[in-house]
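First to last, the protein sequences are chains A and B. The first sequence begins at 1 in the numbering used here and counts up by one. The second sequence begins at 1 in the numbering used here and counts up by one.
Because the hints were derived from the structure by calculation, they are not lab data. It should be emphasised that the depicted structure is a prediction, and the values quoted were computed from it without experimental measurement. Hints should not be assumed to be uniformly reliable.
Here are some, though not all, of the chain A residues that point toward chain B, as calculated from beta-carbon distances under 8 Å [what the hints assert, rightly or not]:
#1 L29
#2 D31
#3 P46
#4 A48
#5 N55
#6 D62
#7 A198
Simulated crosslink set (DSS-like; lysine-lysine; CA at most 30 Å straight-line) [what the hints assert, rightly or not]:
#8 B/K23 - A/K116
#9 B/K187 - A/K23
#10 B/K100 - B/K23
#11 A/K23 - A/K116
For each residue, glycine too, the CB sits at the ideal point set by N, CA and C.
2 protein chains.
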Amino acid sequence: MWRLHQFTLCPFSRAVRFGLLEKGVVFELVDCLPWERGETLTRLNPAAQTPVLENGSLVLADSTTILEYFDETVEKAPLVGAGAAERAEARRVAQWFREKFYAEVTAPLMRERMWKRLVVRDMPDGRVIREAARACEAHLQYAETLLMERRWLAGPTFGLADIHAAAQLSVADYLAGVDWAGHGQVKQWYQALKSRPAFRVILGERMEGIRPPAHYDDPDF
Amino acid sequence: MWRLHQFTLCPFSRAVRFGLLEKGVVFELVDCLPWERGETLTRLNPAAQTPVLENGSLVLADSTTILEYFDETVEKAPLVGAGAAERAEARRVAQWFREKFYAEVTAPLMRERMWKRLVVRDMPDGRVIREAARACEAHLQYAETLLMERRWLAGPTFGLADIHAAAQLSVADYLAGVDWAGHGQVKQWYQALKSRPAFRVILGERMEGIRPPAHYDDPDF
């Protein structure tokens with residue numbers, strides 16, 4: 001049985017869970033908070049980062065690496081696309097969200113509204129939050145331009161890019177960092193995601209000590 | 001003909017060049033500095049980051065995405081490995097260097113010793129440099145443990161992980177940020193890389209205004 005070491009507000013863990021659920025892979029969750037630097041996590045992944053997926057002696061780390069592994073070994077619900085050019089576009093957009101959106105939006109929100117609240121018991125820095133909001137707005141605009149000519153973020157079919165984008169956006173949204181107004185295409189795309197059973201499982205969970213805004217798991221937000 | 005938009009000290013461009021040269025792909029270089037935010041780069045890649053590879057209407061961005069594309073389309077010199085587990089390990093280690101080593105070592109060195117010198121004409125911050133040196137030491141130790149049981153960083157054959165690690169390390173080394181002493185396995189591995197014609201091409205280049213240390217391109221350093 002696969003065991004996924006993760007925590008509720010880890011965007012990279014969410015991406016892995018979303019993908020595994022879409023593919024019908026059976027796994028159990030092991031909650032772990034990277035800032036506690038637990039022995040198990042550090043032994044499994046010297047980077048001491050979630051997610052890590054293990055099954056006996058096989059240990060997989062890094063969200064895209066894990067998703068690519070299952071796309072190569074499980075035929076159901078292909079995530080990376082068919083042709084080489086389509087696969088490159090899926091990976092490019094996935095990397096955009098997992099790296100750029102994370103650095104500019106999710107990471108500062110997690111630091112200010114999760115880590116400061118749960119770990120160091122400090123007040124969030126309003127300037128950082130406002131900067132993250134500005135960055136989020138630019139990312140939503142970019143997603144909007146992509147979705148003007150495509151059904152999903154990287155092309156005609158759902159896949160890796162949508163998973164990474166949804167994972168990042170959902171954590172930012174949980175932390176009240178996303179203003180959806182004025183982004184009709186993105187909202188429509190996110191509504192379609194919200195009705196997928198795999199994503200609904202993730203949106204149904206709560207991180208102890210932090211409540212998401214009311215619209216967070218509402219499919220008609 | 002493929003055109004690679006890049007600059008000499010961009011570690012991600014180096015990774016792409018290294019991989020393309022190993023695979024025998026013919027391409028020409030287009031020099032561009034991301035901080036100048038030139039129109040061409042921003043049009044090709046809205047992230048305004050190097051590397052971007054273009055060929056007619058096909059545009060590829062993001063270093064791993066580009067290397068995966070050529071691993072799927074060019075049979076010569078496979079970079080990601082054979083079995084799914086080996087491929088996952090290659091991607092994990094590659095991502096380690098491209099994300100973690102970059103954030104902790106290459107990026108601060110580039111800011112302090114390249115950007116400040118060439119762009120804002122400011123003095124480097126000694127504290128940041130020392131922190132990068134400490135982080136680099138930890139990464140070399142990690143590479144040392146990997147190489148105790150493997151010929152190359154992710155297994156018995158040269159590939160994606162070695163390319164990303166060499167690309168990051170070579171930029172840090174150019175900026176005098178790597179202390180090789182006490183890391184015999186890593187030195188031996190890097191010596192083997194230095195004698196590969198593809199990597200020699202990259203080490204033969206200079207960034208105007210910054211000179212690397214004497215050992216930089218010496219295979220017997």
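Hints and how they fare:
A cut of 8 Å between beta carbons decides the hint on A/L29: the least distance to chain B is about 20 Å, and the hint is violated. With a least beta-carbon distance of about 22 Å to chain B, the hint placing A/D31 at the interface is violated under the 8 Å criterion. A distance limit of 8 Å between C-beta atoms decides the matter here; for A/P46 the minimum to chain B is near 6 Å, and the interface restraint holds. Below 8 Å, beta-carbon pairs count as interface contacts, and A/A48 has none with chain B, the closest being about 10 Å; its hint is therefore violated.
For A/N55, the interface hint is violated, the least distance from its beta-carbon to any beta-carbon of chain B being 10 Å, above 8 Å. Because the smallest distance between the Cβ of A/D62 and any Cβ of chain B comes to about 5 Å, under 8 Å, the interface hint for this residue holds. The beta carbon of A/A198 is not positioned within 8 Å of any beta carbon in chain B (closest approach about 22 Å), and the interface hint is therefore violated. As the CA atoms of B/K23 and A/K116 are separated by approximately 48 Å, the hinted pair breaks the 30 Å bound.
Taking the CA atoms of B/K187 and A/K23, the gap is near 42 Å; set against the 30 Å cutoff, the hint is violated. Restraint check for B/K100 and B/K23: satisfied, since their Cα atoms lie roughly 26 Å apart, inside the 30 Å limit. At roughly 35 Å between alpha-carbon atoms, A/K23 and A/K116 are farther apart than 30 Å, so this suggested pair is violated.
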